[in-house]
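Enquirer: Sequence:
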Amino acid sequence: ERAAIRGHVGSRHNLGCNEYNEKGNFDRALRHWLISAKMGYESSVEAIKDAFMAGLATNAQYTEALKGYQDAVEETKSHDRDEAMRLGF
Numbered sequence: 001e002r003a004a005i006r007g008h009v010g011s012r013h014n015l016g017c018n019e020y021n022e023k024g025n026f027d028r029a030l031r032h033w034l035i036s037a038k039m040g041y042e043s044s045v046e047a048i049k050d051a052f053m054a055g056l057a058t059n060a061q062y063t064e065a066l067k068g069y070q071d072a073v074e075e076t077k078s079h080d081r082d083e084a085m086r087l088g089f
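Count the sequence shown with full-length UniProt numbering and you get residues 1 to 89, in order.
FYI, nobody ran anything at the bench for these hints, they're computed from the structure. There could be a bad hint or two in this list.
Said to hold, decoys possible - Straight-line distance between alpha carbons at most 20 Å, and here's what the computed SDA-like set of lysine to any residue pairs gives:
id	residue 1	residue 2
1	49	24
2	38	23
3	38	89
4	49	89
5	49	64
Let's have the full structure, built from the sequences with the hints guiding it.
Expert: Dropping the structure here:
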C-alpha cells in the first residue's frame with residue numbers, strides 16, 4: 001500500500017486486484033485501476049476492459065482509462081528512445 005501511495009504503478013494495480021478479488025469491492029478496485037491506467041499500466045486497462053465486458057464498468061469508465069493510458073504512453077515517447085530500440089539497445 002505504501003508503494004502504491006508513493007506512485008509505484010504495479011502496486012496500485014495490485015491493490016485494485018486485491019480490492020476486487022479478496023474484498024469484493026469493485027468501486028475501490030476500479031479507482032485503483034483507473035489511477036494506474038492513467039500512469040501507463042496496460043494491465044489496469046485490461047482489467048477495466050474485462051469489467052466493462054462483464055457489465056461491471058461503464059463505457060465512460062473504460063474510455064477514461066483507455067484515454068489516460070494512451071496519454072501516458074504518448075508522454076513517454078521520444079525519437080531518441082525509438083531510435084535506440086530500432087538499433088537494438
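Enquirer: Determine for every hint whether it applies to the structure shown.
Expert: How the hints compare with the structure:
no. : hint    : in the structure
1   : 49 x 24 : holds (18 Å)
2   : 38 x 23 : violated (23 Å)
3   : 38 x 89 : violated (27 Å)
4   : 49 x 89 : violated (33 Å)
5   : 49 x 64 : holds (11 Å)
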